[in-house]
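Chemist: In case you want the letters, here they are:
4 protein chains.
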Amino acid sequence: MGMVGGGPGAFIGAIHRLAATMDGEIELVAGAFSSDPEKSKKAGETLYLDAKRVYASYEEMITQEASLTGDKKMDFVSIVTPNHLHFAPAKLALENGFHVVLDKPMTFDLKEAKELQRVVSATGKYFCLTHTYSGYPMIKEARERVKKLGEIRKVVVNYPQGWLSERLEASDNKQASWRTDPSRSGKAGAMGDIGTHAFNLAEYVTGLRVTKLCADINKMVAGRKLDDDGSVLLKFNNGASGVLMASQIMAGEENNLTIQVYGEKGGLEWKHSEPNSLLLKWPDAPSQILRSGTGYLSEVAKHNTRTPAGHPEGFIEAFANHYRNFAFCVKASIEGRQPNEEWLDFPGVEDGVRGMAFIDSVIESGRSEMKWTEMM
Amino acid sequence: MGMVGGGPGAFIGAIHRLAATMDGEIELVAGAFSSDPEKSKKAGETLYLDAKRVYASYEEMITQEASLTGDKKMDFVSIVTPNHLHFAPAKLALENGFHVVLDKPMTFDLKEAKELQRVVSATGKYFCLTHTYSGYPMIKEARERVKKLGEIRKVVVNYPQGWLSERLEASDNKQASWRTDPSRSGKAGAMGDIGTHAFNLAEYVTGLRVTKLCADINKMVAGRKLDDDGSVLLKFNNGASGVLMASQIMAGEENNLTIQVYGEKGGLEWKHSEPNSLLLKWPDAPSQILRSGTGYLSEVAKHNTRTPAGHPEGFIEAFANHYRNFAFCVKASIEGRQPNEEWLDFPGVEDGVRGMAFIDSVIESGRSEMKWTEMM
Amino acid sequence: MGMVGGGPGAFIGAIHRLAATMDGEIELVAGAFSSDPEKSKKAGETLYLDAKRVYASYEEMITQEASLTGDKKMDFVSIVTPNHLHFAPAKLALENGFHVVLDKPMTFDLKEAKELQRVVSATGKYFCLTHTYSGYPMIKEARERVKKLGEIRKVVVNYPQGWLSERLEASDNKQASWRTDPSRSGKAGAMGDIGTHAFNLAEYVTGLRVTKLCADINKMVAGRKLDDDGSVLLKFNNGASGVLMASQIMAGEENNLTIQVYGEKGGLEWKHSEPNSLLLKWPDAPSQILRSGTGYLSEVAKHNTRTPAGHPEGFIEAFANHYRNFAFCVKASIEGRQPNEEWLDFPGVEDGVRGMAFIDSVIESGRSEMKWTEMM
Amino acid sequence: MGMVGGGPGAFIGAIHRLAATMDGEIELVAGAFSSDPEKSKKAGETLYLDAKRVYASYEEMITQEASLTGDKKMDFVSIVTPNHLHFAPAKLALENGFHVVLDKPMTFDLKEAKELQRVVSATGKYFCLTHTYSGYPMIKEARERVKKLGEIRKVVVNYPQGWLSERLEASDNKQASWRTDPSRSGKAGAMGDIGTHAFNLAEYVTGLRVTKLCADINKMVAGRKLDDDGSVLLKFNNGASGVLMASQIMAGEENNLTIQVYGEKGGLEWKHSEPNSLLLKWPDAPSQILRSGTGYLSEVAKHNTRTPAGHPEGFIEAFANHYRNFAFCVKASIEGRQPNEEWLDFPGVEDGVRGMAFIDSVIESGRSEMKWTEMM
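Residue numbers (numbering that gives the first Met the number 0), protein chains in the order written: chain A, 0 to 375; chain B, 0 to 375; chain C, 0 to 375; chain D, 0 to 375.
Okay, chain A solo, but in the shape it has when bound (with noise of 0.2 angstroms):
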């Protein structure tokens, strides 16, 4: 693996590493982890990298790294900049023949978003969008359970945070400096960081697809320039309601994810507080708690698992779910041979498309006096 991004100071950087090495399937080998080329030297040496492999940007790294031969070139490039800097390298990474692991959201905007969908399909390389939450097991299980639930009527997920309930942005914080930034984030701030979360979540889970919304967006921090709070309500295409809530200014939230989803029959529920649980809710019968490692689980759910029941596992081996299920269909590819089912299920450049659709729609939406906007 090839790292694009991830230099000091960086959150999402060295949490790719974690969950990208934590199996042992993948290897650091090459990066260039930052815009200037004494910083990307620097983190090299503090992930042992050999000094040679480490590049002074993303442009010599894939050109230098698709110049060398079998055991020798890296077999994928992991993008963790923020957002305008995802397409080009990733567009790049793919017609060097490079399989292209990127962060989310997908791109700048919803034309970058498309034209990537292009370049993905043509060049027929593996892509993996870390949505982190669909890695969970639970949340897979949710998947599989969600068909007992008879038809869906509604769904409701809502993504909390409250770390920019003060303008960070006005400081040195690095994160919210980015986050907050129109030139960089692109045109959503909350409902592209964590509300694409939380819409690619819910549709994720149900298999249903969001057909109409209907969005209050707000900047509630003063001299902020992107939403930093919002509330959707949301139309699926079976006819099921919904509601997305995503803010960063829930002032003593940290980063409880939550979905509910109802259908005829029973309910289940999810949160990020306890990922290891999944509940279901039945009219006529005791909720039923189940639990991450054990055996009455669905083959899926097993998969997505390194510890027996009572062990939690959390965040990083989330992350490192779509890793290692992404490293196996790599190394199948280099082998010549077809994936399993299960290691296809990570998110993709289509879920990179319906997320980059849905910050356009919801920021439309905003703006509308209309009560529904369609989704684009």
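Simulated from the structure, these hints should not be mistaken for laboratory data. Predicted model only: the values in this text are computed from it and were never measured. Among the hints, erroneous ones may be present.
[Stated by the list, open to error] Calculated lysine-lysine pairs in the PhoX-like style (CA-CA distance at most 20 angstroms, straight line): (1) Lys264/A - Lys270/B; (2) Lys218/C - Lys211/D; (3) Lys270/D - Lys270/A.
Got chain A; can you put chains B, C and D on it based on the hints?
Modeler: Frame of chain A; chains B, C and D shown alone:
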């Protein structure tokens, strides 16, 4: 106390009696329990009432009791009939000099509500509308603590039930029957039955007023005549945003009304499933769990608690708190005293008018193609 | 009902009155609320009693009331005095033809307990000992469900309180004063006050009997005369093992009595902090959350619930369940009927003797150098 | 790192590899994964090891690697075999100049433990015993916060499992087989396997030492050769009392190790089922929920966390914390530097000796008719 309604099979009538009499301040002395005189008589026997004070109709009860004097006369009337039978007995009771306790929503429509408000004002009698949830001590504490959160930015209230997931009104379920019938419930189903509770709670805890809203109102179960599900975006008079959900088709849900309020400095959370706790959340300090019955609570919370910490109080006690405060006021009135400030803390006719305005507004919004509808 | 004790400042007296009268089956008609006649009189006024039936002593109340006839006479006596004043009024009441409700622990010592057992048996009157916790519907459900767990192997009961972490008895705290005083409490402190509750709960839920025990009994606070903390290893008559903890110096704990029972096939868990839930655990299937007020519970659990699922009932309702069942039995007795089986489900004199034997055994074991002490 | 044991089917070996390598500070370079050379070889292939460094026995690995120089040589040995195969490879590794990581309990018996302590001391090598639970950041925080509780009075540790509720050792369950076999596990079953974890946690968090104990040790499942359940009364060197429970027959329990500590001023509680929270309880102030990843924690807690608040870390990360701290020490040693204070915070040989003394004492106490047995 004389009771109107609450005969056999009436869920809420029995709750009213438990709540009214539990503290030993109120005695049930008269009743018109059913429009069927025979049923009323039998109910009176079951309740150990003097047969002479079990009446065939509310008109009879009110006029007869009004002709009695002093201790021999009931002091107030409690009305626990379906919505379409709220206004007339309440008005008659008030005009005959009785204080009134009335179940929610206050009336059949907004017009009746405003007329009742006029009558209460004209007669100067005490009037209590039983929005149970503001009777919980930790809700009263929440109302105190909300002042420490800085300017309020976000309010989320959710009232999930699942008991109408099937079309119970097609069977002989008495509760389902009238609550889904427009001729008895009024223009709203779930929004009237439980949405008004959520609305009242949001305004009670925050002290804010909803100014406009945007509603997605649904009839999810085929054949149903009134809404059984809805989600509403809210705007408050200080600029805060909010979300209100009320549903009776979230299959597997019981009655877990929740409220979350976030200000500039922190947040708070209360859940009906654990009503003796209040959670305070802070951006840079540990969350705090406040518990009923403890010494560090506000005086108003303490006044509305009977047991020491760790001895859970529940729905009946919360309900009883309204009755007890009301009884203290009535007693003071009889004795020519001014009531204590804290006794006046029960929902009144203004809450009732707000609730009926909410119903009108939310149903109107549900039909509108425009995003925002002003509160009526 | 006539009450002995429960004057001003008496925590448990007020609870008894709330519990006794809440269901409208019992009326407080007489009382000897304090050994100080003036205090008794004032208490009677506060409680709206007929002044003639407020007595200066329990002897006066019992003999006077016994001379009344029919409806004019109280039907039973409720005794809520400190432990050293349990036996005499109970015996006198029984021997004068009154049924008796008595607070726990039953008597001052085991000798009194056995004598009281004899009197109850000889008089044939109903006798209820208010071990509150077996009044909870989910404890009654636990007693049913325990039969599905196979042979019981392990029982853990824990009753943690923290309110005696400081030497409150040195101040004017009325509760602390008598509960830590051997001349009023008897030979045990925490073990008598709350340990007997835990012991009763373990035997009630499992249907097993403790045969021997091994106790570590402590006086943690300097200057305290009775135990304020203890942990006890238990052996049951089927060979199961257990642990019982009772402490009043677990600083910060309120009153979260818990019980866990494990059999060959599964386990169950109940917590007083969430009394309306019962958790069932299975080795190879999801855990189940049973909830009070639901349709799938046993008849006995339903009989002891007033509200539908999701409307929390608490300590007062649990307490009231004992009073209500007792009242149904008394009423049947007055009317010459046999009581229903489920009405007889309240703690009786045998529970009281077991509790006093537990106190003797556990204190003896605390002093012993040998590991096991046989239950007396 | 070279690994001894951990071949196919070995639960804990896989955990060790995940934990060791996740932070990118440790690389697996050699291994003797099985006493069967063929199995060892295959394991090495699966793990992408250089075939030359996959050895047929630990003796071969240690002597061969010892003959290599500088970067070509492994830096330390990780031993993940059953208990009876701990001592010999650990001793050999230390005496050949390797640092050692060893799974718990440390040895087969106390005699071996004391000999190993001597060897560690004599060789001056780093030695880490993988008592996972002290690796959790909130346990480290607990150790800091315990100082605010005043003199400690009560400690409760409970390690409930249910997986040995049936006689799995009669089947071909590899884990059950050796863990219930005295010739491989030593003289204790549950007490050795998980009781030592609970014991270590109690001493780690409180900083106290157990001085005597009283144990009820059981073999609940017919035919089992070692204890599968036990409850132990504890006395600590400051006079505090405690209870330790460890069971593998609490049917339906997973692995929810808990610890509660109470001092004069307050209490704390941690549960493995929610490892990122620490609850502080106060007699006269709201309880506080401390959360991992927040800014208000101690430096040592922060040092042992990778992700911001609300991104759950779990068992593997806790395990990895020990490996990472150990690796920092080893690296400092190689580079001739003194380690930071906080790196030294991993369980060592003294913990191992304490654990083996606990096993001897608790089994002895289980057989004794006397109440108290002094810790050996």
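Chemist: Of all the hints given earlier, name the ones this structure violates by number, lowest first.
Modeler: 1
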